[in-house]
Amino acid sequence: MAKEEKTRVEELEREFVVPLRASQHAPPEQERASHALKTVRRFIVRHMKGKSENVWIDPRLNEFLWTRSRGHIPPRVRVKAIRFEDGLVEVDLAEEST
Numbered sequence: 000m001a002k003e004e005k006t007r008v009e010e011l012e013r014e015f016v017v018p019l020r021a022s023q024h025a026p027p028e029q030e031r032a033s034h035a036l037k038t039v040r041r042f043i044v045r046h047m048k049g050k051s052e053n054v055w056i057d058p059r060l061n062e063f064l065w066t067r068s069r070g071h072i073p074p075r076v077r078v079k080a081i082r083f084e085d086g087l088v089e090v091d092l093a094e095e096s097t
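Numbering (numbering that gives the first Met the number 0) for the sequence shown: 0 to 97.
Warning: the hint list may mix true and false statements.
To be verified - With a cut-off of at most 25 Å between alpha-carbon atoms, the simulated DSS-like pairs for lysine-lysine come out as follows:
| id | residue 1 | residue 2 |
| --- | --- | --- |
| 1 | Lys48 | Lys37 |
| 2 | Lys79 | Lys48 |
| 3 | Lys50 | Lys37 |
| 4 | Lys37 | Lys79 |
| 5 | Lys50 | Lys79 |
If you're looking for bench data, these hints aren't it; they were derived computationally from the structure.
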């Protein structure tokens, strides 16, 4: 008996609110924005079932996290994540956050 192949969804799109409160308190002030980007990447890997190297963060999201300098990040950010059939996950700033 041959195993049946699982049918994968070609494209999956979801919207998340990523909490960044821990990134405000854990690292030193000069590392908070970069720590927040790593937090977003880990959150997306966990919830979109992807790999860290396949997560692409849009420059708009990066600029949003760095707008108030590297030490004063927002407590949360709303993102839109799209997973393509090749495994690449694209993370963009959701429209309501701007």
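Practice item. Would you list, in rising numerical order, the hints stated earlier that this structure does not obey? Key: Violated hints: none at all, because every hint is consistent with the structure.
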